[in-house]
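Student: Two chains, two separate frames, one set of hints: put the complex together.
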Amino acid sequence: DGGITQSPKYLFRKEGQNVTLSCEQNLNHDAMYWYRQDPGQGLRLIYYSQIVNDFQKGDIAEGYSVSREKKESFPLTVTSAQKNPTAFYLCASSIDRGLAGDRDTDTQYFGPGTRLTVL
Amino acid sequence: QQPVQSPQAVILREGEDAVINCSSSKALYSVHWYRQKHGEAPVFLMILLKGGEQKGHEKISASFNEKKQQSSLYLTASQLSYSGTYFCGTEGAGGTSYGKLTFGQGTILTVHP
Chain B
1 DGGITQSPKY LFRKEGQNVT LSCEQNLNHD AMYWYRQDPG QGLRLIYYSQ
51 IVNDFQKGDI AEGYSVSREK KESFPLTVTS AQKNPTAFYL CASSIDRGLA
101 GDRDTDTQYF GPGTRLTVL
Chain Z
1001 QQPVQSPQAV ILREGEDAVI NCSSSKALYS VHWYRQKHGE APVFLMILLK
1051 GGEQKGHEKI SASFNEKKQQ SSLYLTASQL SYSGTYFCGT EGAGGTSYGK
1101 LTFGQGTILT VHP
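Residue numbers (my numbering), protein chains in the order written: chain B, 1 to 119; chain Z, 1001 to 1113.
Bound-form chain Z, shown alone (with noise of 0.2 Å):
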């Protein structure tokens, strides 16, 4: 089961902040952020595992409630270079979910001068 992204697309001006919220129906053991440029490979930001682990990267953070099988990506004073489309990539908690990633659709956010 895809996990669910939410919101959809996000703008935003320069120094603003953002959240974008990833939801699963199934148990997890980690949670992926990746971000996408256009046409570009995804760039991984960061890994959260089970356990409620919160993590950060320069002024980007994440957040992974186990029990809400959610986690949560925290974007402050947004800059420029941060427009692209997020991904979350989840692992099930079960044994054939090994190593296999599930992606969101992905949110779009965009960031004006």
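Bound conformation, chain B alone (with noise of 0.2 Å):
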């Protein structure tokens, strides 16, 4: 089955430590973002990448970092510079505009989501 994965669901942390969440996805698709979601809140972009080996800051990047060396993966790192990282993470991807011909296929699909807790 085609999809997107995300893990852990849920995910612990203690203040001052680095935390990696992970994003892995067989849709062959280009781009793929990380969101943050609060409660009652909409979704805010991290970061995205719409190629290996390249990736922009989004709306609230600080204390965050990504890497993206795979097509398929795109780890999203939870550094201890963010203050107030208790959140539902997403992740997203979808084909490229440039390479597909079909406006359609911008639609951005999303894993399940990791909630991140600060102890």
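Hints are supplied without guarantee of correctness; some may be wrong.
As the list claims (entries may be wrong) - Quick list of in silico lysine-lysine cross-link-like pairs, PhoX-like style, CA-CA up to 20 Å:
id	chain 1	residue 1	chain 2	residue 2
1	Z	K1050	Z	K1068
2	Z	K1068	Z	K1026
3	Z	K1068	B	K71
4	B	K57	Z	K1067
5	B	K83	B	K57
6	Z	K1026	Z	K1067
7	Z	K1037	B	K9
8	Z	K1050	Z	K1026
9	Z	K1050	Z	K1037
To be verified - Stretch by stretch, here's where chain Z covers chain B in the computed footprint (C-beta under 8 Å, at least three residues):
id	segment
10	7 to 20
11	106 to 114
To be clear, the hints were calculated from the coordinates, so they are not data collected in a lab. Computed from a predicted model, the values in this text were never measured in an experiment. Where a beta carbon is used, it is the ideal one built from N, C-alpha and C, also for glycine.
Tutor: Here you go:
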């Protein structure tokens, strides 16, 4: 089955620790995204990557880092510099618009999410 | 700039209709609509492109007025399964907005029997 997987589902972190959230997709999508969602809020873009070995900061990148060494994987590290990391983290992927003739394929598909809690 | 959704919450009885609006202050290329159940990932509903196209998906349809930078989601003959939080995600028309979605704060829809 094609899809996006995120692990772990729940993650607990002590203050001062770095943690890495996993995101893997087997949809052969070029673009991948990380969002943060706080209770009662919309989704805010942390980082995105449109091609392997390249990524761009989103609206709230401070305190986070990413890598894109493989097309299928886009891990997110929440560093100790992120002052308020408790949130629901969502990964998404899509076909890169420039490579797809059909604009409808720009749809972003989301993984199941990781709920991070700082103790 | 985050798009503004209205209303913030809607309560319906099964079979009633609802409209959810999404307004942006910037020129848009596309509007994406998602529904999210509590604790789950958002599920894609539809995408509307620049050009004022109206699309439909079962009893859920949407329109996009690019001149007003507004999109509306129409839910007709609501079902219990329609309950959830609805988000619009907007993609700006400028080159720097390529592929980036900015999401509204969400509209909570509750359908009662």
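Student: Could you run down the list of hints and mark each one as holding or not?
Tutor: Hints, one by one, checked against the model:
1. Under the criterion of a C-alpha separation no larger than 20 Å, the hint pairing K1050(Z) with K1068(Z) is consistent with the structure, at around 12 Å.
2. For the given pair, K1068(Z) sits about 10 Å from K1026(Z) by alpha-carbon distance, which is consistent with the 20 Å threshold.
3. Proximity of K1068(Z) to K71(B) is assessed by CA-CA distance (about 38 Å); at most 20 Å being required, the pair is judged violated.
4. Among the hinted pairs, K57(B) with K1067(Z) is inconsistent with the structure: their alpha-carbon atoms are about 29 Å apart, more than 20 Å.
5. A C-alpha spacing of about 18 Å is found between K83(B) and K57(B), which places the hinted pair at or below 20 Å, so the restraint holds.
6. For the proposed pair K1026(Z) and K1067(Z), the alpha carbon gap of about 10 Å is at most 20 Å, so the pair holds.
7. Simply put, K1037(Z) and K9(B) have alpha-carbon atoms about 16 Å apart, close enough for the 20 Å limit, and the pair holds.
8. Of the supplied pair hints, the one linking K1050(Z) and K1026(Z) holds, its CA atoms being roughly 13 Å apart against a limit of 20 Å.
9. Proposed proximity of K1050(Z) and K1037(Z) is contradicted: the alpha carbons are some 28 Å apart, above 20 Å.
10. Only residues whose beta carbon comes within less than 8 Å of a beta carbon in chain Z count, and the segment 7 to 20 of chain B has 0; fewer than three means the coverage is violated.
11. With 8 residues having a beta carbon nearer than 8 Å to a beta carbon of chain Z, the segment 106 to 114 of chain B meets the requirement of three or more and the stated coverage holds.
Checked against the numbered hints listed earlier, the structure breaks hints 3, 4, 9 and 10; every other hint is satisfied.
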